[in-house]
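Q: Sequence:
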Amino acid sequence: TKGQAEIKKSAHGVRKLSATLSAEAGATTHELMAGYGWKTVSQAEIYTKGTDKIRLGINSSRLVASSLNSEPHKKRCRKNR
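Each residue of the sequence shown is one higher than the one before, starting from 1 at the first, in the UniProt record's numbering.
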């Protein structure tokens, strides 16, 4: 159509995009294996490794922030004299 960019799609590209979006949405390695018919963990980990690292980093930061705001932490800290 005139004025529109032509986007070439392949079945593999669409499948890869779908797996990437699923992993980013929180799908586990085994959920991806079941959904895409992969037999090995390594096939699914292509999509989950990066998102798992990001998710774990975010969760770790939240845990640290939560512990800094908790009462027990405030009691453990000594005030400057």
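Worth flagging that the hints you see were computed from the coordinates, not collected in a lab.
The beta carbon of each residue, even a glycine, is placed where N, CA and C say it ideally should be.
Just so you know, not all the hints are guaranteed correct.
[Unchecked claim] Restraint-style ranges between C-beta atoms, simulated for each label pair: (1) Ser66 x Gly3: 23 to 33 Å; (2) Ile58 x Leu17: 18 to 28 Å; (3) Ile58 x Gly37: 24 to 34 Å; (4) Gly13 x Val41: 18 to 28 Å; (5) Lys8 x Ser67: 27 to 37 Å; (6) Ser61 x Gly35: 44 to 54 Å; (7) Val41 x Ala5: 12 to 22 Å; (8) Gly3 x Gly50: 51 to 61 Å; (9) Ala5 x Ser67: 48 to 58 Å; (10) Lys8 x Val64: 19 to 29 Å; (11) Glu31 x Ser67: 29 to 39 Å; (12) His12 x Glu45: 39 to 49 Å; (13) Ala65 x Val14: 34 to 44 Å; (14) Lys8 x Gln43: 43 to 53 Å.
[To be verified] Taking lysine-lysine pairs in the DSBU-like style, the calculated list, with each CA pair at most 30 Å apart, reads: (15) Lys53 x Lys39; (16) Lys16 x Lys49; (17) Lys49 x Lys39.
Q: Give me the numbers of the hints this structure contradicts, sorted from smallest to largest.
A: 1, 5, 6, 7, 8, 10, 12, 14
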